[in-house]
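**Q** So the chains spell out like this:
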Amino acid sequence: MDSNLPVSPETTQPDVALELAQVKHELELAEGKIMQLELALLQSRDFAIGAAAEASEAPLIRAKYHAMYVESERQLGDANEHNKSHLAHIARLEQALADLLKIDKANKELRTQIENLKSSASWRVGRALMLPIRIIKRIVK
Amino acid sequence: MRPQFSIITPVFNPPHGAFEQCIKSVYAQTNKNWQWCLVDDKSTDEYVATRLKQLQVLDKRIVVYFRSENGGIIEASNDALSLATGEFVVLLDNDDELHTDALADVAARIELDPKIDYIYTDEDKITVDGEHYDEFKKPKWSPERLLAHNYCSHLSVIRRELVNAVGRFRRGFEGSQDYDLILRVVEKTSRIAHIPKVLYHWRSVPGSVSIAANEKPYALISATKAVTEHLQRKNIDAEVEEVKPYALSRVKRRLKQSPRISIIIPTCGTKKSLFGVDTCLVVNAVESIERKTSYKNYEIIVVADAHTPPEILSELQRVSPLNLRIVNYEKEFNFSDKCNLGVVTSDAPFFMLLNDDTEVISEDWLEVMLSYLQEPDVAAVGPMLLLEDGRIQSAGHSHTPYPHNFYNGRSIDELGELGILKVARECAGVTGACMMVRRNAYFEVGGLSKSFPLSFNDVDLSFKFLDRGYRIIWTPFVRLFHFETASRPNFSTQKEVELVTNRWGNRIYSDEYCRIE
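Heads up: the protein sequence lines correspond to chains B and C, in order.
To convert, note that position 75 of the first sequence is 74 in numbering that gives the first Met the number 0; the numbers rise steadily by one, no gaps.
To convert, note that position 500 of the second sequence is 499 in numbering that gives the first Met the number 0; the numbers rise steadily by one, no gaps.
One or more of the hints may lead you astray.
In silico PhoX-like pairs for lysine-lysine, Cα to Cα no more than 25 Å straight-line [stated by the list, open to error]: (1) B:LYS32 - C:LYS449; (2) C:LYS196 - C:LYS224; (3) C:LYS494 - B:LYS63; (4) C:LYS124 - C:LYS196; (5) B:LYS32 - C:LYS330.
Which chain C residues stay away from chain B? Per the calculated CB distances, all over 12 Å, these [stated by the list, open to error]: (6) VAL342; (7) ASP346; (8) GLU443.
In short, the hints are calculated from the structure, not lab data.
None of these values were measured; they are calculated from a predicted model.
The C-beta atom is built at its ideal place from N, Cα and C for all residues, glycine as well.
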C-alpha cells in the first residue's frame with residue numbers, strides 16, 4: 000500500500016481488526032504447534048534416554064542371567080553327583096538288607112534245628128541223666 | 000602405588016583401657032603403610048607420657064610430640080599435622096578404634112581413583128565394654144545433608160596437601176573443628192568418595208558427643224558458625240537455624256529472585272470424603288493453594304480429563320479467578336502425558352507437579368522448595384507429605400530394598416535414623432504427587448515418560464535426573480497433605496514393573512542415598 004495516499008479511518012479500522020484477529024488465530028495455531036512439538040520432543044528424549052538406559056543395563060542383565068545359568072549348571076552338576084551318591088548308597092543299603100535277610104533266614108533254620116534237637120528223646124534222656132550232676136553243681140556254688 | 004597414611008591423633012588424658020584399644024586397632028591394620036602422629040596436649044596423667052614414649056621407641060612409624068602447654072584439641076591436631084608426611088591424613092581420636100581393614104579398604108578405594116581427595120566411611124559406636132551399636136549407614140556424597148550435620152565425620156581420610164591448602168584446623172570452632180575442616184575441604188574438591196562399610200568405632204564415654212550431641216553445647220554453636228561461614232564463602236545468601244531440640248541445622252536460603260512458578264494439577268474431578276466432609280479433591284487443592292500460599296508469582300494449570308464435570312471447572316474458576324488456567328485432556332488416561340501437557344502449556348522456569356488429592360499446609364511451601372532449586376545442579380525438590388490422619392505418607396523415595404515412600408505410615412514426630420526426618424537431604428527420588436522441578440532439567444531428560452501411565456513415572460524421572468548428575472532434594476520444612484490414592488487406584492501394571500527394571504536394573508533395589516531398610 001502506498002503510504003502517501005490519504006486513508007479514511009472508517010475503511011481501515013475493520014481491516015486492521017480483521018488482520019489482528021487473523022494474526023491472533025495464527026498465533027494460537029503456532030502456539031498449539033509449539034506445544035505439540037514440545038510434547039514430541041519430550042517423548043523422543045525420553046525414548047532415547049530410556050533406550051540408552053536399557054542398552055546399558057542389557058549387558059548387566061545378560062551377565063546376571065549368565066551368572067545365574069552358570070550357577071544353575073553348577074547346582075545341577077552338584078545335584079547329579081548327589082543323586083549318584085544317593086543311588087550308590089541305596090544300592091549298598093539294599094545289599095546290606097539282602098545280606099541281613101539271608102542271615103536271618105539261616106538263623107531261623109538253626110533255631111528250628113535247635114528246637115528239634117531239644118524236643119528229641121535222646122536230649123530228654125541226656126538231661127535226666129545229668130540232673131544229679133546239675134544239683135551237685137548248684138549246691139557247690 | 001600404595002598411598003601412605005598419616006594417622007593424626009591428639010592425646011589428652013584418655014581412659015587407659017580405651018587408649019590401649021585404640022593402639023591395638025592401629026597395630027592390627029592389615030595395611031601396614033602408615034605413620035602415626037601422636038601429640039600429647041600436656042596430659043596430667045603420667046601414664047600417657049610413659050606409654051607414648053614406649054610406643055615411640057618400639058615402632059619407627061610412630062612419631063610423638065609433647066606439647067609444653069595445653070592448647071586444646073585444635074592446636075594439638077595441627078601439631079600432629081605438622082608431623083605428618085603421608086599422602087593422606089586419617090583422623091583418629093585417642094579413645095576410638097579403627098576397623099582392622101580401615102586403611103586397606105581406603106587404599107583400595109584410592110587405587111580405583113587415584114585422584115580422589117576425600118574419603119569418608121560408615122561408622123558405629125562402641126561402649127567402654129567393647130559392645131558395638133548405632134551403626135550409621137551413611138549416604139553417598141550429600142552436600143545438602145552436610146549443611147545439617149557432620150554426617151561424614153568418622154572415618155575421614157583427606158589428602159594432606161588439601162588439608163594444608165585450606166589452612167588445617169581453625170581456632171574458634173572447638174567441638175566442631177573437624178566439621179569446619181570438612182566443609183572447607185569439600186569447597187575445594189568434588190573428588191569425594193564414600194565407603195559403605197563400618198571402618199571406625201566411636202567410643203561412647205560419658206561427656207562424649209557420641210552419646211548425645213547436646214553433651215557439648217559449644218560444639219553446636221561452632222557447627223552453626225562453620226556452616227554459616229561455609230555458605231558465605233560459597234556466596235549463598237542464607238541463614239542457619241538450629242533444629243531444636245536436635246543437634247541439627249536448617250539452612251534457609253533467601254530467594255534472589257521471584258520467578259514464575261506453574262502449579263500443574265492433573266485431575267478428573269474426583270470427589271471423596273476428607274476429614275468427614277464430602278469434597279471435590281481438585282477444588283480443595285486449589286482452594287488450599289489460594290488460601291495458604293504466601294508466594295505471589297504463581298499460576299495454576301489444571302489439566303482436566305474430558306469427562307470432568309463442568310460444574311467443577313466453574314467452581315475452580317470461582318475459587319481461583321486470577322491464577323487459574325484449565326487445559327483439556329482428551330486422550331485415554333496417562334498421568335505422565337497429562338503432566339507433560341501441563342508443562343508445555345506453561346513457560347515458567349520452575350513448575351510444581353501436584354496431585355489433586357493434596358492440600359497445602361505450609362504457607363511458604365513454594366519459597367522453601369524454590370530456595371533449593373537456586374542451586375543449579377538441583378533438578379527437583381519434594382516435601383514431607385502427610386496422610387489424612389497426620390502420619391507420614393512420604394518422606395521422599397527410598398529404593399532399599401525396593402522403591403517405596405520412605406517412612407510411610409510412621410509418626411511425624413519421629414526423628415528417623417540420625418535425624419533423617421528432620422534434615423533437608425539428597426535422595427534417590429521424590430514422589431510425583433508433589434514435586435517442584437526445574438524446567439530445563441525436565442526438558443533435558445524428556446519429562447515424565449508416557450511409558451509409565453500409572454506408576455513408577457516419578458521413579459523413572461528421578462533416575463533420569465540422577466543419571467545426568469542432578470541432585471534431588473527432600474525437605475521436611477514443607478508439609479502438605481496427600482490423601483494418597485484418593486483420586487486413582489494404587490497399582491502398577493506388570494509392563495511398568497518390567498520396563499522400570501529393564502531401564503534401571505538393580506539400581507531400583509538399592510539406594511545409595513538411603514540404605515536404611
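**Q** State for each hint whether it applies.
**A** Tested hints:
no.: 1; hint: B:LYS32 - C:LYS449; verdict: 19 Å, holds
no.: 2; hint: C:LYS196 - C:LYS224; verdict: 30 Å, violated
no.: 3; hint: C:LYS494 - B:LYS63; verdict: 21 Å, holds
no.: 4; hint: C:LYS124 - C:LYS196; verdict: 14 Å, holds
no.: 5; hint: B:LYS32 - C:LYS330; verdict: 17 Å, holds
no.: 6; hint: VAL342; verdict: 8 Å, violated
no.: 7; hint: ASP346; verdict: 10 Å, violated
no.: 8; hint: GLU443; verdict: 7 Å, violated
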